[in-house]
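Enquirer: Residues per chain, in single letters:
Protein chains: 2
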Amino acid sequence: MAMKVHGHVLSAATQRVTLTLYEKELDFEFIAVDMKSGDHKNEPFISLNPFGQVPAFEHGDLKLCESRAITQYIVHEHPNKGTQLIFRDGKKMAIMLMWMQIEANQLDPVATKLAWEFIFKKMFGLETDLVAVEEHEAKLSKVLDVYEARLTNSKYIAGDAFSLADLHHLPIIQCLMGTPSKKLFDERPHVSAWCADMLARPAWAKVIAMQEQNKDL
Amino acid sequence: MAMKVHGHVLSAATQRVTLTLYEKELDFEFIAVDMKSGDHKNEPFISLNPFGQVPAFEHGDLKLCESRAITQYIVHEHPNKGTQLIFRDGKKMAIMLMWMQIEANQLDPVATKLAWEFIFKKMFGLETDLVAVEEHEAKLSKVLDVYEARLTNSKYIAGDAFSLADLHHLPIIQCLMGTPSKKLFDERPHVSAWCADMLARPAWAKVIAMQEQNKDL
Numbered sequence: 009m010a011m012k013v014h015g016h017v018l019s020a021a022t023q024r025v026t027l028t029l030y031e032k033e034l035d036f037e038f039i040a041v042d043m044k045s046g047d048h049k050n051e052p053f054i055s056l057n058p059f060g061q062v063p064a065f066e067h068g069d070l071k072l073c074e075s076r077a078i079t080q081y082i083v084h085e086h087p088n089k090g091t092q093l094i095f096r097d098g099k100k101m102a103i104m105l106m107w108m109q110i111e112a113n114q115l116d117p118v119a120t121k122l123a124w125e126f127i128f129k130k131m132f133g134l135e136t137d138l139v140a141v142e143e144h145e146a147k148l149s150k151v152l153d154v155y156e157a158r159l160t161n162s163k164y165i166a167g168d169a170f171s172l173a174d175l176h177h178l179p180i181i182q183c184l185m186g187t188p189s190k191k192l193f194d195e196r197p198h199v200s201a202w203c204a205d206m207l208a209r210p211a212w213a214k215v216i217a218m219q220e221q222n223k224d225l
Numbered sequence: 009m010a011m012k013v014h015g016h017v018l019s020a021a022t023q024r025v026t027l028t029l030y031e032k033e034l035d036f037e038f039i040a041v042d043m044k045s046g047d048h049k050n051e052p053f054i055s056l057n058p059f060g061q062v063p064a065f066e067h068g069d070l071k072l073c074e075s076r077a078i079t080q081y082i083v084h085e086h087p088n089k090g091t092q093l094i095f096r097d098g099k100k101m102a103i104m105l106m107w108m109q110i111e112a113n114q115l116d117p118v119a120t121k122l123a124w125e126f127i128f129k130k131m132f133g134l135e136t137d138l139v140a141v142e143e144h145e146a147k148l149s150k151v152l153d154v155y156e157a158r159l160t161n162s163k164y165i166a167g168d169a170f171s172l173a174d175l176h177h178l179p180i181i182q183c184l185m186g187t188p189s190k191k192l193f194d195e196r197p198h199v200s201a202w203c204a205d206m207l208a209r210p211a212w213a214k215v216i217a218m219q220e221q222n223k224d225l
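Residue numbers (the numbering used here), protein chains in the order written: chain A, 9 to 225; chain B, 9 to 225.
Chain A on its own, in the form it takes in the complex (with noise of 0.2 Å):
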């Protein structure tokens, strides 16, 4: 029973998906979701998820969206499989999902506003707004700041090991690493660090492969 991945190369929570199962050395299925044509917000993907978003899994009869949903679902599936990805310890496990929230909650939501100004705006010819630049940066800053504090005494973000907390940052970090808001991360010299050891691991040269073999969908 295979799993299946509706989605795009190019988005973010599709790749979140997709790198942790290449982490988990798991087979899976891809379909691309044709979101030029508006295929996400048609039948028969709007079954998958009514929300009208990528990406949306299957495994057998459970359908499911939301990647960070998706991902958890992999990785408890699969505890004997590639890299482990979370910690099973009470305190470990609880000091995991505050990142993995922190990323959702804090990091998330300014990074992909600071992606739709340098990139998705010149993809639909539109300008970037250097005034709106400014105050994105200026809380992003803020952000790294408190990551910067804690890499300092962390490896990786929830602990000693690289788990989905970290795994879920790199679709986005990959993105920001082609912008001028690079600078932000390059000033952090534990982040830097950080950011460098996630974006070397195999599983992302994968979804990266991956993305170059299907660009032009």
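One should not assume that every hint holds.
Since the list gives no way to pick one copy over another, a pair counts as held whenever it fits inside one copy or between any two copies.
Unchecked claim - Result set (BS3-like, lysine-lysine): computed pairs, CA atoms no more than 27 Å apart in a straight line: (1) K150 to K121; (2) K44 to K150; (3) K121 to K147; (4) K150 to K129; (5) K191 to K147; (6) K71 to K163; (7) K147 to K190.
Worth flagging that the hints you see were computed from the coordinates, not collected in a lab. Here the structure is a predicted model, which is why all the values come from computation and not from measurement.
Starting from the known structure of chain A, arrange chain B on it as the hints suggest.
Expert: Then chain B, alone, in the frame of chain A:
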């Protein structure tokens, strides 16, 4: 070793945590944070949560922020106390994790904007922006359509029992019940019945009682 919650009785995020503690029938110490004086943005609070947001949580040497991580820690640490609040079966847990993400990513952002327009703006002597309200209500309606479809086939949002996926919604739903946006819930019979069921829970009455006792904070 008492669990300590540093928070504010009017904060939805604080209420998520105290509600979980009441559902699990656990003792805890509540430390009111004087937000009017900005205590959440200064030491000693920011050593508990460097993002300067309530609540923060302490259990011995474990310090946590992010309400949705704190609730999960409490539930995992006390599996045999009070209401169960989670599903242990892999697929049921996946569905619960998905609805926890949907609450946080789809419902809460727009519901919080409506609470800001109708409730918090008044506290600050600002006027409700009716154009913004119309836009937010249109978005919330679409989200609640998905909830109505789900609740037609499921007593609770993640399955046949009340879980954290339901619980996380309660504070913001209670908030909107006192605003004109209540109509969006009333118009949908299954959503409306779900809200009434949750708002009648004894543990929720305890959160409200705590609010009444501390409303001058």
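Enquirer: Determine which of the earlier numbered hints do not hold for this structure and return their numbers in increasing order.
Expert: none
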